[in-house]
Amino acid sequence: MKFAVVVFPGSNCDQDCIHILRNVLHQEVTAVWHQDASLDDAQCVILPGGFSYGDYLRTGALACFSPIMAAVQDFADQGGLVLGICNGFQILLEAGLLPGAMLRNRSLRFVCKPQLLRVENNKTPFTHLYGEGRLIQVPIAHGEGNYFLDPEGLEQLRKNKQIVFRYADATGNASSEANPNGSVDNIAGIINAAGNVLGMMPHPERSSEAVLGGADGLLLFQAAIAYLAERG
Amino acid sequence: MWKAEIHVTLKDAVLDPQGKAVRSVLGSLGYSAVEKVRIGKYLEMVLNVDSRAEAERQLDEICHRVLANPVIEQYDYQLVEVPR
Numbered sequence: 002m003k004f005a006v007v008v009f010p011g012s013n014c015d016q017d018c019i020h021i022l023r024n025v026l027h028q029e030v031t032a033v034w035h036q037d038a039s040l041d042d043a044q045c046v047i048l049p050g051g052f053s054y055g056d057y058l059r060t061g062a063l064a065c066f067s068p069i070m071a072a073v074q075d076f077a078d079q080g081g082l083v084l085g086i087c088n089g090f091q092i093l094l095e096a097g098l099l100p101g102a103m104l105r106n107r108s109l110r111f112v113c114k115p116q117l118l119r120v121e122n123n124k125t126p127f128t129h130l131y132g133e134g135r136l137i138q139v140p141i142a143h144g145e146g147n148y149f150l151d152p153e154g155l156e157q158l159r160k161n162k163q164i165v166f167r168y169a170d171a172t173g174n175a176s177s178e179a180n181p182n183g184s185v186d187n188i189a190g191i192i193n194a195a196g197n198v199l200g201m202m203p204h205p206e207r208s209s210e211a212v213l214g215g216a217d218g219l220l221l222f223q224a225a226i227a228y229l230a231e232r233g
Numbered sequence: 062m063w064k065a066e067i068h069v070t071l072k073d074a075v076l077d078p079q080g081k082a083v084r085s086v087l088g089s090l091g092y093s094a095v096e097k098v099r100i101g102k103y104l105e106m107v108l109n110v111d112s113r114a115e116a117e118r119q120l121d122e123i124c125h126r127v128l129a130n131p132v133i134e135q136y137d138y139q140l141v142e143v144p145r
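In the order they appear, the protein sequences are chains H and A.
The numbering of the first sequence is the numbering used here, which starts it at 2 and goes up by one.
The numbering of the second sequence is the numbering used here, which starts it at 62 and goes up by one.
Hints were generated in silico from the structure; no laboratory data involved.
There could be a bad hint or two in this list.
Some chain A residues judged to face chain H by a derived CB distance under 8 Å, without partners named [stated by the list, open to error]:
{"id": "1", "residue": "V75"}
{"id": "2", "residue": "P78"}
{"id": "3", "residue": "Q79"}
{"id": "4", "residue": "A82"}
{"id": "5", "residue": "V83"}
{"id": "6", "residue": "N130"}
{"id": "7", "residue": "I133"}
Away from chain A, derived, C-beta distances all over 12 Å, residues of chain H [claimed, not checked]:
{"id": "8", "residue": "S108"}
{"id": "9", "residue": "H129"}
{"id": "10", "residue": "N193"}
Where is the CB? At the ideal position from N, CA and C, for every residue including glycine.
Go ahead and model the full structure; you've got the sequences and the hints to work with.
What follows is the structure in structure tokens.
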């Protein structure tokens, strides 16, 4: 499969994604500079983590106007698979590809730690290799991951099963104590209504090799590859 | 030329963790009269346009599209005519 990883000024997880896709999963990957206008013939686009534009104004707020984002929007509109990780998720929110916005973490601290997630929807192109309700460990590293959405919007997300990952504890309970940043409804990741654009704060690329302490994140990339292979 | 002084603030329904932390510190310093703190952004902008109406048109578009995120933020501004 052909993946494109978009590189913004200040992206810092782009090489991690490229490494997993190229060296661990043996896929074709190109790094696409944010000033480029084309994604060429990529079948899946990843917006990586980092601090695009130094998080100036708001996280993701300036990156969403980069020239490549018009191509990402078109690609998503045509059903292309888009994955936004951490800052990539923030960019997808600012671009309007996903609903909601990010606020400063409830604790006001930058939180960097292993985190348990409960898979809420395993019927997506990115999560179909996980069992429903399965607990996975994927690290988080962010200062602004406090997901906010108004009650009406939240109801829509729930109704459409767009909540893909929730922060949970070891018993699988999405409790307030297990919520690392104050996100509404413990939301860690959501997908758009069409089911092809996923945004998540945790970093699957940092949990895709046993040497990194766990490989729960690898299944997410493998799921996308399997989905694309089947779709042809 | 018009100079705009723009305030971008969080909507009332949105929690402001920074404001809450500042209020808590002020309280512990003995400023018990402080009941609420909300933190926002202040921006200055000079627009090279002739009329107030055109300045307002562009400012509303810029604020809505870029400077404020309508999901969580609101904005207001004051306009003053400045010499070229």
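Which numbered hints does this structure break?
5, 8
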